[in-house]
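There are 2 protein chains.
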Amino acid sequence: MKHFTKKQINEMDKIYRLNLINSCTGYKSSNLIATVSDKGVNNIAIFSSITHLGSDPAMLGFILRPKTVPRDTYVNIKYKKKFSVNHIHYSQIKDAHHTSAKYASEISEFEKTELMEEYKHGKALPFVKNAPVQIECKYLNEYEIKENGTLLIVASVENIFVNKNMLLEDGMIQLDKGGVTAINGLDCYTLPKKLERFPYARPKK
Amino acid sequence: MKHFTKKQINEMDKIYRLNLINSCTGYKSSNLIATVSDKGVNNIAIFSSITHLGSDPAMLGFILRPKTVPRDTYVNIKYKKKFSVNHIHYSQIKDAHHTSAKYASEISEFEKTELMEEYKHGKALPFVKNAPVQIECKYLNEYEIKENGTLLIVASVENIFVNKNMLLEDGMIQLDKGGVTAINGLDCYTLPKKLERFPYARPKK
Numbered sequence: 001m002k003h004f005t006k007k008q009i010n011e012m013d014k015i016y017r018l019n020l021i022n023s024c025t026g027y028k029s030s031n032l033i034a035t036v037s038d039k040g041v042n043n044i045a046i047f048s049s050i051t052h053l054g055s056d057p058a059m060l061g062f063i064l065r066p067k068t069v070p071r072d073t074y075v076n077i078k079y080k081k082k083f084s085v086n087h088i089h090y091s092q093i094k095d096a097h098h099t100s101a102k103y104a105s106e107i108s109e110f111e112k113t114e115l116m117e118e119y120k121h122g123k124a125l126p127f128v129k130n131a132p133v134q135i136e137c138k139y140l141n142e143y144e145i146k147e148n149g150t151l152l153i154v155a156s157v158e159n160i161f162v163n164k165n166m167l168l169e170d171g172m173i174q175l176d177k178g179g180v181t182a183i184n185g186l187d188c189y190t191l192p193k194k195l196e197r198f199p200y201a202r203p204k205k
Numbered sequence: 001m002k003h004f005t006k007k008q009i010n011e012m013d014k015i016y017r018l019n020l021i022n023s024c025t026g027y028k029s030s031n032l033i034a035t036v037s038d039k040g041v042n043n044i045a046i047f048s049s050i051t052h053l054g055s056d057p058a059m060l061g062f063i064l065r066p067k068t069v070p071r072d073t074y075v076n077i078k079y080k081k082k083f084s085v086n087h088i089h090y091s092q093i094k095d096a097h098h099t100s101a102k103y104a105s106e107i108s109e110f111e112k113t114e115l116m117e118e119y120k121h122g123k124a125l126p127f128v129k130n131a132p133v134q135i136e137c138k139y140l141n142e143y144e145i146k147e148n149g150t151l152l153i154v155a156s157v158e159n160i161f162v163n164k165n166m167l168l169e170d171g172m173i174q175l176d177k178g179g180v181t182a183i184n185g186l187d188c189y190t191l192p193k194k195l196e197r198f199p200y201a202r203p204k205k
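Sequence lines, in order, name chains A and B. Counting from 1, one number per residue, gives the positions in the first sequence under the numbering used here. Counting from 1, one number per residue, gives the positions in the second sequence under the numbering used here.
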């Protein structure tokens, strides 16, 4: 096996380190966070850090660097207290990746990609049309991770929309039935396939 | 699409909600965290919340419920300040899932599964042998998420061991070359395949 020490990691080329450290934790969720600004401009940005925080109450979180891109997402969430999380279908990966380009705040990524807006029940919050799973979230809190200045955004799950063919009898959303992607590292999009489900694990005698 | 409101989520059957909310955020990393207790007993537990926190310095985090399983992981990390993160190969999923069974602290999951210990450079910290990627981590801090009492554990990346055939020239670890799995929901193991990598995104004119 190839071994990287902490010293080597600290001293390596920046791009090499970005690729290595972003890929070393395993597969990541691929989601588009959609928001709207105080001026009514919609924003979409790709995130790979959305994490389950708890089921009861239903909560999720994600990591954000407030001083770098995607800053619009943070400003909009703080203004509106609402955002949508949209899974990325394999046909959407090129456009999804393009949302990481640094556009000015007055430009909507919906105009610069083939991704289309969708609204639910007449509310102003945008969702990504044809996303296999869409979640409306409410901002609850943020925690600054002092060790590197990032923020953990904590949100509640308010509404879930899911393609019916992905929903199993026991409530599980089988993601591969909807063509949902996962991210490897910074820029590699992957398509997972189900291997096996296992029952609740009990100790062996 | 099937629509679940917050009220429906709050009132649904507990198992249905666990499956729905655990699968609604997308694919999750599949990792075994290995630790050692103050009595020298090795512990392995499966986690699906390990998240990239930053590259410089290299940091990762994960979510833990201190009052429920896997409590041993938390106690051991607080004692030793070190733990290892081990990716799960598709041949290891059955045993990896079994580590979620509630064994007494004096029983090592290495004894109850076919998973084997590996030590690096004579140190007492266990790794999982044949894991495609192994990371030695140092505990840095923890943040209590007040909204539901979970903890975000923050750690630094101290050493990385990676199968040479997974490591690309630019530092990216191509996870599908090592047979690394991803988790869907609570108990469904999946195998991703690479679709495409994209260059750094720049605004369109």
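Errors might be hidden in some of the hints.
No distinction is drawn between identical chains; accordingly, a pair holds when it is met within one copy or between any pair of copies.
Capping the alpha-carbon separation at 30 angstroms, the derived lysine-lysine pairs in DSS-like fashion look like this [what the hints assert, rightly or not]:
(1) K138 x K94
(2) K112 x K7
(3) K177 x K205
(4) K39 x K204
(5) K164 x K194
(6) K39 x K164
(7) K193 x K164
(8) K146 x K112
(9) K2 x K81
(10) K78 x K120
(11) K7 x K205
(12) K39 x K194
(13) K78 x K123
(14) K194 x K94
(15) K194 x K81
(16) K177 x K80
(17) K164 x K78
(18) K6 x K94
The hints are simulated quantities; they were obtained by calculation from the structure and are not laboratory data.
Outcome of the hint check:
no., hint, verdict
1, K138 x K94, "within (28 angstroms within a copy, 36 angstroms between copies)"
2, K112 x K7, "neither (41 angstroms within a copy, 36 angstroms between copies)"
3, K177 x K205, "neither (37 angstroms within a copy, 36 angstroms between copies)"
4, K39 x K204, "between (60 angstroms within a copy, 22 angstroms between copies)"
5, K164 x K194, "both (18 angstroms within a copy, 26 angstroms between copies)"
6, K39 x K164, "neither (35 angstroms within a copy, 50 angstroms between copies)"
7, K193 x K164, "both (18 angstroms within a copy, 25 angstroms between copies)"
8, K146 x K112, "neither (35 angstroms within a copy, 39 angstroms between copies)"
9, K2 x K81, "between (45 angstroms within a copy, 24 angstroms between copies)"
10, K78 x K120, "within (21 angstroms within a copy, 46 angstroms between copies)"
11, K7 x K205, "neither (45 angstroms within a copy, 41 angstroms between copies)"
12, K39 x K194, "neither (43 angstroms within a copy, 39 angstroms between copies)"
13, K78 x K123, "within (17 angstroms within a copy, 46 angstroms between copies)"
14, K194 x K94, "both (24 angstroms within a copy, 14 angstroms between copies)"
15, K194 x K81, "neither (35 angstroms within a copy, 35 angstroms between copies)"
16, K177 x K80, "neither (33 angstroms within a copy, 42 angstroms between copies)"
17, K164 x K78, "neither (32 angstroms within a copy, 44 angstroms between copies)"
18, K6 x K94, "neither (34 angstroms within a copy, 32 angstroms between copies)"
Checked against the numbered hints above, the structure violates hints 2, 3, 6, 8, 11, 12, 15, 16, 17, 18; every other hint is satisfied.
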